[in-house]
Amino acid sequence: MVFQRKYSVEETINPQPSGSGQVNIGSTERMISAFSGALLTFYAIRRPVKHWALLSAGGYMLYRGLSGYCPMNQAVGRNTSDKEIESLQISRTVTVNRPRSKVYAFWRQLDNLPRFMQHLASVTPLDTKRSHWVAAVPKGLGTIEWDAEILEEVENERLVWRSVAEATVDNAGEVYFKDAPGGQGTEIHAIIRYQAPAGYAGQALASLFNPAFGQMVKEDLRRFKNLLETGELPVSEAQYSGQRVSDKTEPSKKQEIYESPVL
Amino acid sequence: MRALCYNGIRDLRVENVPDPGIINPHDAIIRVTLSSVCGSDLHLINGYVPTVQSGDILGHEFIGEVVETGPQVKKLKKGDRVVVASVIACGECQHCQEQSFSLCDNTNPNAYIAEKMFGDSGAAIFGYSHAFGGYAGSHAEYIRVPFAEKGCFVIPEGIADDSAVFCSDAFPTGFMAADMADIKPGQVVAVWGCGGVGQMAIQSARLLGAERVIAIDGHEERLRTAQMIGGATDILNYKKVNIQDALKELTGGRGPDVCIDAVGMEAFGEGIGYYYDRAKQYVRLENDRPVVLREAIMACRKGGTVSIVGVYSGFADKIPMGAAMNKALTFKMGQMHAQRYIPRLLEYVRDGKVDPSYLITHRVGLEQGQQAYDLFYESRDHCMRAVFVP
Numbered sequence: 001m002v003f004q005r006k007y008s009v010e011e012t013i014n015p016q017p018s019g020s021g022q023v024n025i026g027s028t029e030r031m032i033s034a035f036s037g038a039l040l041t042f043y044a045i046r047r048p049v050k051h052w053a054l055l056s057a058g059g060y061m062l063y064r065g066l067s068g069y070c071p072m073n074q075a076v077g078r079n080t081s082d083k084e085i086e087s088l089q090i091s092r093t094v095t096v097n098r099p100r101s102k103v104y105a106f107w108r109q110l111d112n113l114p115r116f117m118q119h120l121a122s123v124t125p126l127d128t129k130r131s132h133w134v135a136a137v138p139k140g141l142g143t144i145e146w147d148a149e150i151l152e153e154v155e156n157e158r159l160v161w162r163s164v165a166e167a168t169v170d171n172a173g174e175v176y177f178k179d180a181p182g183g184q185g186t187e188i189h190a191i192i193r194y195q196a197p198a199g200y201a202g203q204a205l206a207s208l209f210n211p212a213f214g215q216m217v218k219e220d221l222r223r224f225k226n227l228l229e230t231g232e233l234p235v236s237e238a239q240y241s242g243q244r245v246s247d248k249t250e251p252s253k254k255q256e257i258y259e260s261p262v263l
Numbered sequence: 001m002r003a004l005c006y007n008g009i010r011d012l013r014v015e016n017v018p019d020p021g022i023i024n025p026h027d028a029i030i031r032v033t034l035s036s037v038c039g040s041d042l043h044l045i046n047g048y049v050p051t052v053q054s055g056d057i058l059g060h061e062f063i064g065e066v067v068e069t070g071p072q073v074k075k076l077k078k079g080d081r082v083v084v085a086s087v088i089a090c091g092e093c094q095h096c097q098e099q100s101f102s103l104c105d106n107t108n109p110n111a112y113i114a115e116k117m118f119g120d121s122g123a124a125i126f127g128y129s130h131a132f133g134g135y136a137g138s139h140a141e142y143i144r145v146p147f148a149e150k151g152c153f154v155i156p157e158g159i160a161d162d163s164a165v166f167c168s169d170a171f172p173t174g175f176m177a178a179d180m181a182d183i184k185p186g187q188v189v190a191v192w193g194c195g196g197v198g199q200m201a202i203q204s205a206r207l208l209g210a211e212r213v214i215a216i217d218g219h220e221e222r223l224r225t226a227q228m229i230g231g232a233t234d235i236l237n238y239k240k241v242n243i244q245d246a247l248k249e250l251t252g253g254r255g256p257d258v259c260i261d262a263v264g265m266e267a268f269g270e271g272i273g274y275y276y277d278r279a280k281q282y283v284r285l286e287n288d289r290p291v292v293l294r295e296a297i298m299a300c301r302k303g304g305t306v307s308i309v310g311v312y313s314g315f316a317d318k319i320p321m322g323a324a325m326n327k328a329l330t331f332k333m334g335q336m337h338a339q340r341y342i343p344r345l346l347e348y349v350r351d352g353k354v355d356p357s358y359l360i361t362h363r364v365g366l367e368q369g370q371q372a373y374d375l376f377y378e379s380r381d382h383c384m385r386a387v388f389v390p
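If you're matching them up, the sequences are chains W and X in order.
To convert, note that position 258 of the first sequence is 258 in full-length UniProt numbering; the numbers rise steadily by one, no gaps.
To convert, note that position 64 of the second sequence is 64 in full-length UniProt numbering; the numbers rise steadily by one, no gaps.
One or more of the hints may lead you astray.
Unchecked claim - Okay, derived cross-link-like pairs now, DSBU-like style, lysine-lysine, Cα gap no bigger than 35 Å in a straight line: (1) X/Lys318 <-> X/Lys280; (2) X/Lys332 <-> X/Lys240; (3) X/Lys318 <-> X/Lys353; (4) X/Lys116 <-> X/Lys318; (5) W/Lys102 <-> W/Lys218; (6) W/Lys218 <-> X/Lys116; (7) W/Lys102 <-> X/Lys239; (8) W/Lys129 <-> W/Lys218; (9) W/Lys218 <-> W/Lys139; (10) W/Lys218 <-> X/Lys74; (11) X/Lys116 <-> W/Lys102; (12) X/Lys116 <-> W/Lys178; (13) X/Lys318 <-> X/Lys248; (14) X/Lys280 <-> X/Lys74; (15) X/Lys327 <-> W/Lys218; (16) X/Lys327 <-> X/Lys248; (17) X/Lys248 <-> X/Lys280; (18) X/Lys240 <-> X/Lys116; (19) X/Lys74 <-> W/Lys102; (20) W/Lys178 <-> X/Lys332; (21) W/Lys102 <-> X/Lys75; (22) W/Lys129 <-> W/Lys139; (23) X/Lys184 <-> X/Lys332; (24) W/Lys139 <-> X/Lys327.
In short, the hints are calculated from the structure, not lab data.
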């Protein structure tokens, strides 16, 4: 089936950089800022009596230089950079042995997503296009929240969305559904692009973690498949083993509190 | 409840662990009445399968009584006497619908580990390392069985517990070895390994019409059992004869049409090749000792089939691919699809065509767990299979 794409995978919709996800300092200025920042910080640390004003000024210059983002520039609308930081991309796919219409319908009901996306706390539809997302940061480091809007929607085929400006992590993506060959169900292809906060520095850090984020997306898709095909998620960790008892640790309470998402 | 737990290499202990409960709607809780040791447990106990953790409950071949069922379990009721498939399968994914239950997509919550090791993950198996799902095993008083309607089969009246227990794993594995090889009447089949699975492969090959079945092992009493009860027409002790020469001689110089490897990664053998593997395995340069596989490939008749049900876990060296390619061999292998075979095998047992109960040589409590596995591993005291009565 051929359908007209407003946004295609090859030229995937990009997140709208907002906040520190963008750069607004030119390269020369960045270098000067980083160098003088490093110098200031070095002097501030070397002084027998710590000079906190000097230290924080140095730290600020250093951050500004490394990230390429200056909040003050942003505030006064000054931008000496002609570059944009490239967003990072994750794409993963899975085949679900269920008809396309059923697979699409489950996904399109966005408040279903936290049932298989492990790090999502909630998705609340605000209207037909916009929704509010809350994700838990692993290791109990709080939550991040953002609003997203659906830019394009072709029933049983594809969904394209983008976070609304000023998200903690600017992101955008596409998920498309197609029949697997030989009546094997539905292929789901998810492509997610995101703009790490803290400019160049953030991007460098995020690209280190990108494979791990990719694995997270893959596990989410696997759980989606588990749930649609069997109506439940496989669980073994909530079971007791000899270890937890012999180690004298608190016997796992997982079993009592565990509520498996059920279709 | 009491359960036999892994504590380290060749160190099993009985621990008190909390009873399992229903977690998912398709679960059932089974009170285990018989649970058998299996050759593949040895790979775990001997430390050749990664991701076995201290505290894990072993065992995957068992029968028992249904004591509790989840809300979505309709076909089982309390008190049913059931034999349980050792592989856990959902019945809904593409592979299950093609009857390839051991390839199930949906039962391994740790699929990512198996994916790293093998490129993709198959079904979970009870008590068989975390890469295979991390589900608690059957050497315990109770066990939680996910997708119970698909994995539990009510044992028909008239079949004794001792016969039914091997319909869980050993019999379907042996049967699949013969079934995969597409044995035609009049063919000659060679079976390496005369433990539980090998014995069942021998009987299955006969059931499927093999004219001659040659049993190969290093233990005289196992070979005798294979001949007296299993129906092997010829027996070969690899410690006494050269297998390649003997097989050629027994088959008019052609070689067996079907070669079944019912041994796997911890094969014992003779000669330089064997010690090469042992040394490499000892320093962890190789997981598997493919002594039997090499022998089977070399012995197999041109255009014949090598059927592998002995377990391999990682990498095996010096596989004679040249021989396999130039003799145009067919390779068939896999963990067995228990749910496909169990109903048919229960019929064979009920009709008296096969009675696997002779595999049981020792009957012990969980407390004798480590001794039972030691006896089994070293094949001492004519141990073929020990079963636990929890």
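Against the structure, the hints come out as follows:
no.	hint	in the structure
1	X/Lys318 <-> X/Lys280	holds, 12 Å
2	X/Lys332 <-> X/Lys240	holds, 29 Å
3	X/Lys318 <-> X/Lys353	violated, 40 Å
4	X/Lys116 <-> X/Lys318	holds, 23 Å
5	W/Lys102 <-> W/Lys218	holds, 20 Å
6	W/Lys218 <-> X/Lys116	holds, 13 Å
7	W/Lys102 <-> X/Lys239	violated, 61 Å
8	W/Lys129 <-> W/Lys218	holds, 25 Å
9	W/Lys218 <-> W/Lys139	holds, 20 Å
10	W/Lys218 <-> X/Lys74	holds, 33 Å
11	X/Lys116 <-> W/Lys102	holds, 31 Å
12	X/Lys116 <-> W/Lys178	holds, 27 Å
13	X/Lys318 <-> X/Lys248	holds, 22 Å
14	X/Lys280 <-> X/Lys74	violated, 51 Å
15	X/Lys327 <-> W/Lys218	violated, 42 Å
16	X/Lys327 <-> X/Lys248	holds, 15 Å
17	X/Lys248 <-> X/Lys280	holds, 30 Å
18	X/Lys240 <-> X/Lys116	violated, 42 Å
19	X/Lys74 <-> W/Lys102	holds, 25 Å
20	W/Lys178 <-> X/Lys332	holds, 33 Å
21	W/Lys102 <-> X/Lys75	holds, 27 Å
22	W/Lys129 <-> W/Lys139	holds, 31 Å
23	X/Lys184 <-> X/Lys332	holds, 16 Å
24	W/Lys139 <-> X/Lys327	violated, 57 Å
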